[in-house]
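Colleague: From first to last, the protein sequence lines are chains E, R, B, F, V and C.
Okay, so the first sequence: first residue is 1 according to the numbering used here, each after it adds one.
Okay, so the second sequence: first residue is 1 according to the numbering used here, each after it adds one.
Okay, so the third sequence: first residue is 1 according to the numbering used here, each after it adds one.
Okay, so the fourth sequence: first residue is 1 according to the numbering used here, each after it adds one.
Okay, so the fifth sequence: first residue is 1 according to the numbering used here, each after it adds one.
Okay, so the sixth sequence: first residue is 1 according to the numbering used here, each after it adds one.
The hints are simulated quantities; they were obtained by calculation from the structure and are not laboratory data.
This one's a predicted model, so the numbers in the text were calculated from it and none came from an experiment.
Incorrect hints may have been included.
One copy or any two copies: either way a pair holds, since identical chains are not told apart in the list.
The list that follows gives simulated cross-link-like pairs (lysine-lysine, DSBU-like), each with its CA atoms no further than 30 Å apart [stated by the list, open to error]:
1. Lys70 to Lys29
2. Lys41 to Lys70
3. Lys41 to Lys29
Number of protein chains: 6
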Amino acid sequence: MPYVNIKVTREGGPGGNGPSPEEKARLIKGVTDVLVDVLGKSPATTFVVIDEVEMESWGIGGLPVPDFRKQSH
Amino acid sequence: MPYVNIKVTREGGPGGNGPSPEEKARLIKGVTDVLVDVLGKSPATTFVVIDEVEMESWGIGGLPVPDFRKQSH
Amino acid sequence: MPYVNIKVTREGGPGGNGPSPEEKARLIKGVTDVLVDVLGKSPATTFVVIDEVEMESWGIGGLPVPDFRKQSH
Amino acid sequence: MPYVNIKVTREGGPGGNGPSPEEKARLIKGVTDVLVDVLGKSPATTFVVIDEVEMESWGIGGLPVPDFRKQSH
Amino acid sequence: MPYVNIKVTREGGPGGNGPSPEEKARLIKGVTDVLVDVLGKSPATTFVVIDEVEMESWGIGGLPVPDFRKQSH
Amino acid sequence: MPYVNIKVTREGGPGGNGPSPEEKARLIKGVTDVLVDVLGKSPATTFVVIDEVEMESWGIGGLPVPDFRKQSH
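Please model the entire structure based on the sequences and the hints provided.
Modeller: Here you go:
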């Protein structure tokens, strides 16, 4: 009966604007497999929800991601 | 002091692209009423937040919802 | 395919330490019914997860709930 | 190792359609500073994620925010 | 910069009261690997947070999990 | 109408088992002030919910926090 929420910054992927449908399908498959393998959960009652977050809305080190990366270089 | 977060796939509704404002208002009213009826919570401090999730970003059975439904038929 | 997360302060209920199992069952039933009635969702793929939060860990008005209530009187 | 999720209604800001990038940067800086000051957390492992929620998708008092505000006047 | 939240019912594991520390470590490793493999994310900025939820606080099919399972047999 | 969820590892504080009530009160006050200062939000409708997460249930770098810290030394 697991519920998994994955939040990633909206970047990368084929158009640079986030994971493609194929990448999302692989995330869903991969994470579900981990739950099945480690805890023996049933895939039928395993939800995986992927949220994409704008880069300017994600902070690390006290800065939005774009500024944090500039500063790290 | 309850906080309720409802996540649904973005589908259905009048245009097929998710719940209408009227449906969201009914969800908010219905869920708030349940909190009031069962736990005696005050509506004034009950938040309900509805998130709509793209079909391709929601997984069940190890598959994105559209693939899961095809497979189930 | 809905997922609902309900967060409430850990108070009330028969022992004053949070909702009883019967109250939780009624919350789950009530919220699921709202999703079914308003959006036609299937109960079989509707998850409801209830989190209880210590009073001192919930803030409103810039204060933990116990202090907020004292101040409001 | 903190993770902070801020949900706000999509309103206000320079165009009336939500916080500007500068406001988001100030939110991220301000909240990270609080975690550092109060708990001595490291900014490098402090994530802040800001979600903007449509007004019609946020309920309070059993009503969507726009209806709640009309009623309060 | 991913954040993953895994919610599971508190059951199974060596004592029947939820995943062991070793199982949690394998969940963390497995899910992080999926993010690295599919999206090329850096493990250093990948957070995985596991929440265990009491069986009576998790609903499916309009029932708490223990009642749902009884009914399914 | 903001909702803020703060997740921290259960450590530190006076007994080494997480933030004290006073520290939680300061977190709630500090974060609410940021929302008021930056976005002009009303404290009366600003919720702050603090979750403490066991160290073994929080992963970074593909490892539970205790293992990650050992490795980093």
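Colleague: It remains to establish, for every hint, whether it holds in the given structure.
Modeller: Hints, verified against the model:
1. Lys70 to Lys29: Classified as between: cross-chain Cα gap 16 Å, same-chain 34 Å, threshold 30 Å.
2. Lys41 to Lys70: Intra 42 Å, inter 18 Å, cutoff 30 Å: inter-copy only.
3. Lys41 to Lys29: The answer is both: 13 Å in one copy and 17 Å across copies each meet 30 Å.
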